[in-house]
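Participant: With the hints as extra help, turn the sequences into a complete structure.
Spelled out, the chains give:
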Amino acid sequence: QKEVEQNSGPLSVPEGAIASLNCTYSDRGSQSFFWYRQYSGKSPELIMSIYSNGDKEDGRFTAQLNKASQYVSLLIRDSQPSDSATYLCAALYSGGGADGLTFGKGTHLIIQP
Amino acid sequence: DTAVSQTPKYLVTQMGNDKSIKCEQNLGHDTMYWYKQDSKKFLKIMFSYNNKELIINETVPNRFSPKSPDKAHLNLHINSLELGDSAVYFCASSQGPMSPLHFGNGTRLTVT
Numbered sequence: 001q002k003e004v005e006q007n008s009g010p011l012s013v014p015e016g017a018i019a020s021l022n023c024t025y026s027d028r029g030s031q032s033f034f035w036y037r038q039y040s041g042k043s044p045e046l047i048m049s050i051y052s053n054g055d056k057e058d059g060r061f062t063a064q065l066n067k068a069s070q071y072v073s074l075l076i077r078d079s080q081p082s083d084s085a086t087y088l089c090a091a092l093y094s095g096g097g098a099d100g101l102t103f104g105k106g107t108h109l110i111i112q113p
Numbered sequence: 001d002t003a004v005s006q007t008p009k010y011l012v013t014q015m016g017n018d019k020s021i022k023c024e025q026n027l028g029h030d031t032m033y034w035y036k037q038d039s040k041k042f043l044k045i046m047f048s049y050n051n052k053e054l055i056i057n058e059t060v061p062n063r064f065s066p067k068s069p070d071k072a073h074l075n076l077h078i079n080s081l082e083l084g085d086s087a088v089y090f091c092a093s094s095q096g097p098m099s100p101l102h103f104g105n106g107t108r109l110t111v112t
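Just so you know, the sequences run in chain order A and B.
Numbering-wise (my numbering), the first sequence opens with residue 1 and increments by one.
Numbering-wise (my numbering), the second sequence opens with residue 1 and increments by one.
These aren't lab readings, by the way, just hints derived from the structure by calculation.
On a predicted model such as this, the values are computed, not experimentally measured, just so you know.
Backbone N, C-alpha and C define an ideal beta-carbon position, used for all residues, glycine too.
One or more of the hints may lead you astray.
As the list claims (entries may be wrong) - From the structure, some residues in chain B lie toward chain A, with a derived Cβ separation under 7 angstroms:
| # | residue |
| --- | --- |
| 1 | P8 |
| 2 | Y10 |
| 3 | Y33 |
| 4 | K36 |
| 5 | L43 |
| 6 | I45 |
| 7 | I56 |
| 8 | M98 |
| 9 | F103 |
Claimed, not checked - Result set (DSSO-like, lysine-lysine): computed pairs, CA atoms no more than 27 angstroms apart in a straight line:
| # | chain 1 | residue 1 | chain 2 | residue 2 |
| --- | --- | --- | --- | --- |
| 10 | A | K2 | A | K56 |
| 11 | B | K71 | B | K40 |
| 12 | B | K19 | A | K42 |
| 13 | B | K19 | A | K2 |
Said to hold, decoys possible - Among chain A residues calculated to face chain B with C-beta under 7 angstroms, some are:
| # | residue |
| --- | --- |
| 14 | G29 |
| 15 | S32 |
| 16 | F34 |
| 17 | Y39 |
| 18 | S40 |
| 19 | P44 |
| 20 | I47 |
| 21 | S49 |
| 22 | G100 |
| 23 | K105 |
Facilitator: Given below as structure tokens:
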């Protein structure tokens, strides 16, 4: 059973601070990991993808992957009110056949002005 | 020039009816998906098609039937709708199973 776990929140962060979102996954065969942002009433949009251990930076966003601990995180620097949304962590298992992404239930992030 | 488009955006219907949701992508992707997002925002895969062939069929009721006339289209037909079918249904596409998903805007289905 492939599962992705996230704290549903809400996670409240003051504007300008660093928001830290965390995610764990159950299947060691998972090899690709993604963070999606979903505004209320909208579709998920891809923020970051990460495939190897370590950090990956893209603007204000940094994704971190630790396969030994089965842990993925997303850091948002200089948080803005427009970052307020639900953040979905997703893992892709590549162990044979073609599998869809397994999503976590999302973390609701609130950036306080 | 919408990448993944699905229609209708809203669908309100009564129990027992049959309805369809259409999806089209112009990204040239080979793989298309249907995801269901329930009231708790949990996003779960229902079906996946790779170049018109079904490659995933998660444990969804057989009242749900995907149809792919070509690799740019993936429609979802639902028979004998039930109250529990109320959710937002997202179509998505990707270049392949290892690639990120591009989602459509979703269809909010309400069964009364």
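Participant: Which of the stated hints cannot be reconciled with the structure, identified by number in ascending sequence?
Facilitator: 1, 2, 4, 11, 13, 14, 17, 18 and 20
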